[in-house]
Each structure stands twice: as C-alpha cells, then as structure tokens.
Amino acid sequence: DQQVKQNSPSLSVQEGRISILNCDYTNSMFDYFLWYKKYPAEGPTFLISISSIKDKNEDGRFTVFLNKSAKHLSLHIVPSQPGDSAVYFCAAVPSSNTGKLIFGQGTTLQVKP
Amino acid sequence: GAGVSQTPSNKVTEKGKYVELRCDPISGHTALYWYRQSLGQGPEFLIYFQGTGAADDSGLPNDRFFAVRPEGSVSTLKIQRTERGDSAVYLCASSPSGTGNTGELFFGEGSRLTVL
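Top line first, the protein sequences correspond to chains A and B.
Just so you know, we're using this note's numbering here: the first sequence kicks off at 1 and counts up by one.
Just so you know, we're using this note's numbering here: the second sequence kicks off at 1 and counts up by one.
These are calculated hints, taken from the structure and not from any lab test.
Incorrect hints may appear among the rest.
As the list claims (entries may be wrong) - Footprint (simulated), chain B over chain A, 3 or more residues, beta carbon under 8 Å: (1) 38-47; (2) 72-86.
As the list claims (entries may be wrong) - Cut-off 20 Å, straight-line C-alpha distance, at most; resulting in silico cross-link-like pairs (DMTMM-like, lysine to aspartate or glutamate): (3) Lys-11(B) - Glu-83(B); (4) Lys-37(A) - Asp-86(B); (5) Lys-15(B) - Glu-71(B); (6) Lys-37(A) - Glu-83(B); (7) Lys-56(A) - Glu-104(B); (8) Lys-54(A) - Asp-24(A); (9) Lys-37(A) - Asp-63(B); (10) Lys-112(A) - Asp-84(A); (11) Lys-54(A) - Glu-104(B); (12) Lys-5(A) - Asp-24(A); (13) Lys-17(B) - Asp-86(B); (14) Lys-11(B) - Asp-24(A).
Cβ atoms here follow ideal geometry from the backbone N, Cα and C, with glycine treated the same way.
Work out the full structure: start from the sequences and follow the hints.
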C-alpha cells in the first residue's frame, strides 16, 4: 500500500519557466511533509518542508503547497535552472514520530537550457 | 568531510553470503536511520536508532537483517544469507536529537549492494 505517491516519473521544463512537481498521500496522520532532491551517486538532500497545519511554505525559488482536503502536495520551482535537474522525492512524517519517513517513488526533473 | 560517511560504496557478493555495511554519522547526531532504495523507487525505511538503542526496527524485512550501534555513533547493517532481492542502495542518515521528528535528515551517499 503506497501511502505517498508521485504519479509522474519524469518532467521536462525549459530554463526560466516554472516546474511543478506533485505528490498525493492517502493517510491523514502525517505531521510534516518534505521534499528531498537527489543527484546521481549522491544521497538525498533536504530541500523544503511544510507542517500539516500550514498550507504554504516558501524558501527562495522553492514553494511547497499543501492541500489537506485533497491530500495533495506540490513543489513549485520558479525560475527553473539547469542545476535543478535531479530526482525529487516527496516524503511524509507520521504522527507517531519515530523518525520513519515515508517516501514517494520520485520524479526526475530535467531543466533544459 | 563532515557529512555522513558510508562504506563500502559498492559491494558485490554471491547469493548466500554475509554482508556488513557501515555508517559513520555526523558528529554529535544522536539519531541514525537506515533506508533501502530499490531501482525506480523511493527510499524505504528499515530501522531508526536513538543513541545506542533501536527505537523502531519495524522496517527490517526479515530476520536476516540486523543492525547495531553499540557506542551510539557508528552503525553497522548486517545481512545474512543474502538473496538477489536484497540488491539495492542502502542509505544511512543522521539527525540531531529533536529535528528528526520534522523529517530533516542528512543522508550519506549510500552503499550499493549487488547480490549475484
């Protein structure tokens, strides 16, 4: 049972345009949602997070939106840069707070110059 | 560097063999996590240590998998009687006590295990 889903395996955008990565979840008992970014042969690195009591969090070019009624999370990157090309993972932290993150399958973003 | 260090970076073994994967967390981080990432999937939780004790080992797939952290720093993931299905990248992460609850983890580069 996949509790966190990223239904788009890949996304390609032009440099300077907006990238929108989507994530859906099935369990309402999550405290935080996060986005991690992963380059080849490297471990995932934390990008941005949002508490379940918020609906938006912004950090520079990155904004995460949370729609609890739709159980939907999205990451907006504006403007997109070629260095943003990577795999992006959505992740959720259960309310039980054990340190267990539940990850989506990932979306590969390619930003074309 | 000062990041999470994992060794070996690559390990090729034969079915049925025993394997150990090592993780050296960021100095001062009391929480340590092991995840497994199969091809085309996101990382999958295995086990979480707070200090020396395993606070949550619910992700270990079966009793062939075991992990220790005897002094609250370095951790070793041990896999007995390896199977081809164990082939994956094994990721270790750490976090300072308290921030792990928000999901902000610091990952190593992973150990790629291939079981022939």
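Evaluation of the provided hints:
no. : hint                   : result
1   : 38-47                  : holds (count 6)
2   : 72-86                  : violated (count 0)
3   : Lys-11(B) - Glu-83(B)  : holds, 14 Å
4   : Lys-37(A) - Asp-86(B)  : violated, 24 Å
5   : Lys-15(B) - Glu-71(B)  : violated, 31 Å
6   : Lys-37(A) - Glu-83(B)  : violated, 30 Å
7   : Lys-56(A) - Glu-104(B) : holds, 18 Å
8   : Lys-54(A) - Asp-24(A)  : holds, 16 Å
9   : Lys-37(A) - Asp-63(B)  : violated, 32 Å
10  : Lys-112(A) - Asp-84(A) : holds, 10 Å
11  : Lys-54(A) - Glu-104(B) : holds, 17 Å
12  : Lys-5(A) - Asp-24(A)   : holds, 5 Å
13  : Lys-17(B) - Asp-86(B)  : holds, 11 Å
14  : Lys-11(B) - Asp-24(A)  : violated, 35 Å
Going down the numbered hints, you'll see the structure goes against 2, 4, 5, 6, 9, 14, while the others check out.
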